[in-house]
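Can you make the complete structure from the sequences, with help from the hints?
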Amino acid sequence: MKKHIALLRGINVGGHKKIKMAELREVLSCNGFQEVQTYIQSGNIIFQTKSQTSLELAKKIKQLIEDKFGFQVPVLVITAGELRNLLDNNPFAEKPEKNLMFFTLLKTTPDSEKVSDFKKYQFENENFHFTENCVYLSFSDNYRNSKLNNNFIENKLGVEATTRNLKTMEKLQELLDS
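FYI, the working numbering numbers position 141 of the sequence shown as 141, with every residue one higher than the one before it.
Hint data in this document are derived by calculation from the structure and do not stem from the laboratory.
Quick caveat: nothing in here was measured; it's all calculated off a predicted structure.
Some clues are possibly wrong.
Have a look at the derived ranges for each label pair, beta carbon to beta carbon [said to hold, decoys possible]:
1. Asn-125 - Asn-155: 18 to 24 Å
2. Thr-109 - Asp-88: 18 to 24 Å
3. Glu-174 - His-16: 27 to 33 Å
4. Asn-89 - Asn-31: 29 to 35 Å
Under the rule of at most 25 Å between Cα atoms (straight-line distance), these lysine-lysine pairs were calculated in the PhoX-like manner [as the list claims (entries may be wrong)]:
5. Lys-62 - Lys-3
6. Lys-171 - Lys-50
7. Lys-95 - Lys-68
8. Lys-147 - Lys-98
9. Lys-2 - Lys-60
Don't be surprised by glycine CBs; every beta carbon is placed ideally from N, CA and C.
See below:
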């Protein structure tokens with residue numbers, strides 16, 4: 001059994017796409033996912049399952065959510081090892097403003113030309129570091145007002161993405177390790 005993390009995008013925000021975590025855990029548990037845990041209401045799920053690819057698991061979870069709750073939600077799945085790697089390779093890890101660090105995880109690898117164009121962007125007080133599957137973000141001010149937000153990154157790179165702050169990523173790792 002492999003441990004995975006599913007990250008849902010855009011649920012329980014402003015009263016839209018409401019999903020109770022207890023119901024979500026039950027749906028997944030009844031459909032072959034084991035040791036299902038959730039962390040906060042924004043759709044962070046840890047689970048174990050037999051070998052399947054991350055894309056297959058994301059597709060299955062997306063369908064289960066649509067069947068149970070009646071709406072579609074973008075789902076990105078990574079392995080426990082991938083999460084550890086993302087944290088270990090955070091280029092902004094030494095910065096003191098931990099609350100201003102974010103990870104935008106990419107569902108698929110973007111086209112190299114779009115990546116090249118993306119790397120040309122510069123915004124005041126907003127820094128990023130691009131890898132194959134993640135855009136690491138560091139801000140001098142809060143993320144809420146940033147230009148380098150999830151929608152901008154998705155639009156410019158042409159891939160589905162979801163963003164989590166450092167605290168959430170570290171907590172997910174802590175839950176995996178316990």
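Hint by hint, here is what the structure shows:
no.: 1; hint: Asn-125 - Asn-155: 18 to 24 Å; verdict: holds (21 Å)
no.: 2; hint: Thr-109 - Asp-88: 18 to 24 Å; verdict: holds (20 Å)
no.: 3; hint: Glu-174 - His-16: 27 to 33 Å; verdict: holds (29 Å)
no.: 4; hint: Asn-89 - Asn-31: 29 to 35 Å; verdict: holds (33 Å)
no.: 5; hint: Lys-62 - Lys-3; verdict: holds (18 Å)
no.: 6; hint: Lys-171 - Lys-50; verdict: holds (24 Å)
no.: 7; hint: Lys-95 - Lys-68; verdict: violated (42 Å)
no.: 8; hint: Lys-147 - Lys-98; verdict: holds (19 Å)
no.: 9; hint: Lys-2 - Lys-60; verdict: holds (16 Å)
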